[in-house]
Amino acid sequence: MAMIKTKVLSAVFIASATFGLARTAAAADAPACEVGDTIKFGGMNWESNLILADVERHILEKGYGCQTEVVPTETLTALAALERGDLQVNTEIWLNSVSDAWAHAEKSGKVKRVGELYTGREAWYIPKYTASKFPDLKSAADLIKHKDAFADPENPDKGRIYGCPAGWNCQLIATNLAKGLKLDKDFEVYAPGTGAAQKAALMSAYKRKKDIVFYYWEPTPLVSTLELVKLDMPAYDKEKQLCLTREDCADPQAVGYPENPVFTALNTQFIQNAPTLTAFFSKVSVPFDVVNKTLAHMEESGAETSEVAQWFLKNQQDIWSKWVPAEVADRVKASL
Numbered sequence: 000m001a002m003i004k005t006k007v008l009s010a011v012f013i014a015s016a017t018f019g020l021a022r023t024a025a026a027a028d029a030p031a032c033e034v035g036d037t038i039k040f041g042g043m044n045w046e047s048n049l050i051l052a053d054v055e056r057h058i059l060e061k062g063y064g065c066q067t068e069v070v071p072t073e074t075l076t077a078l079a080a081l082e083r084g085d086l087q088v089n090t091e092i093w094l095n096s097v098s099d100a101w102a103h104a105e106k107s108g109k110v111k112r113v114g115e116l117y118t119g120r121e122a123w124y125i126p127k128y129t130a131s132k133f134p135d136l137k138s139a140a141d142l143i144k145h146k147d148a149f150a151d152p153e154n155p156d157k158g159r160i161y162g163c164p165a166g167w168n169c170q171l172i173a174t175n176l177a178k179g180l181k182l183d184k185d186f187e188v189y190a191p192g193t194g195a196a197q198k199a200a201l202m203s204a205y206k207r208k209k210d211i212v213f214y215y216w217e218p219t220p221l222v223s224t225l226e227l228v229k230l231d232m233p234a235y236d237k238e239k240q241l242c243l244t245r246e247d248c249a250d251p252q253a254v255g256y257p258e259n260p261v262f263t264a265l266n267t268q269f270i271q272n273a274p275t276l277t278a279f280f281s282k283v284s285v286p287f288d289v290v291n292k293t294l295a296h297m298e299e300s301g302a303e304t305s306e307v308a309q310w311f312l313k314n315q316q317d318i319w320s321k322w323v324p325a326e327v328a329d330r331v332k333a334s335l
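Residues in the sequence shown are numbered consecutively from 0, following numbering that gives the first Met the number 0.
These are computed hints drawn from the structure, not numbers from a lab. Treat each hint with caution, since some may be false.
[What the hints assert, rightly or not] Have a look at the derived ranges for each label pair, beta carbon to beta carbon:
| # | residue 1 | residue 2 | range |
| --- | --- | --- | --- |
| 1 | Ala31 | Lys209 | 52 to 58 Å |
| 2 | Glu326 | Ala200 | 55 to 61 Å |
| 3 | Lys106 | Asp236 | 51 to 57 Å |
| 4 | Gln268 | Glu153 | 19 to 25 Å |
| 5 | His103 | Asp250 | 19 to 25 Å |
| 6 | Pro134 | Lys237 | 46 to 52 Å |
| 7 | Glu115 | Lys146 | 27 to 33 Å |
[What the hints assert, rightly or not] Only pairs whose alpha carbons sit at most 25 Å apart, straight line, appear in this in silico DSS-like list of lysine-lysine:
| # | residue 1 | residue 2 |
| --- | --- | --- |
| 8 | Lys321 | Lys332 |
| 9 | Lys282 | Lys146 |
| 10 | Lys292 | Lys313 |
| 11 | Lys127 | Lys106 |
| 12 | Lys237 | Lys208 |
| 13 | Lys109 | Lys137 |
| 14 | Lys332 | Lys313 |
| 15 | Lys137 | Lys106 |
| 16 | Lys106 | Lys208 |
| 17 | Lys109 | Lys282 |
| 18 | Lys332 | Lys292 |
| 19 | Lys127 | Lys144 |
| 20 | Lys198 | Lys292 |
| 21 | Lys157 | Lys144 |
| 22 | Lys132 | Lys181 |
| 23 | Lys198 | Lys229 |
| 24 | Lys61 | Lys127 |
The C-beta atom is built at its ideal place from N, Cα and C for all residues, glycine as well.
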């Protein structure tokens, strides 16, 4: 009987020791974030920014053991918050849209450009059916000849150009551009309340075959799925375009939209505190066609951005796994 009890106790001791070693190994394998505070992301409300922020947040949480949070904000507000340190990460900055503000922020030494995501594009568009109806409508300046076709529902004496939501810097640029094109007396540059409202208004008008003219950017599912025609603009000029980004632009001159570098920016104090995470953000880059494919999936599925981020992580592992060390990639894959 004593021998049996000894064997039982030995077995229990061995099992306990094995379990303890397993727990120790598991604890050793668990990632430890190199910053103790919650990492805050700027949540600008357009699809690509929100999806990529959710992708990065999942990698930080599951791959690096960090806590993260997304803070709803607008472009210029987010940049100011990044300077103050209220945000640590701004996933998508469209340089040409905020070039003046970015130059001032970068000069302060409180923010830094760390990763090149992709190159964005911007334009004023009309539907293909509108272009067919008005074959002489080739450029944005030609809109003056067709004001009545684009009548503003709230002010029928003027035409309507659909711009960006209030608070987005592209609305300021579109407004200044309309002045430079001498359209401001005959057209209103309409600012929808949100990005979702902007998209809904355009989709509704398109489905009803209504003649519309609007600013939009790509990669976006809206531009990639609709039959649209870009309106010609005057040649690009760097200094003139820079003036269009300013509220105090005294003499706006019309110029075309250049290709727009889209990059990630970090707060410099965060960079000092988190060199490993900074290395991760510096490597984040997504091919243009993959961004379009991801946004098309969102459009077709009706999924939330967090669900689309999961889809991206499952289906584009060959892309994001290059951003992180192998052991981090393994932890992220195991979490999916």
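Inset, instruction - Return the numbers of the hints above that this structure violates; sort them in rising order. - result: 2, 3, 4, 6, 7, 9, 11, 12, 13, 15, 16, 24
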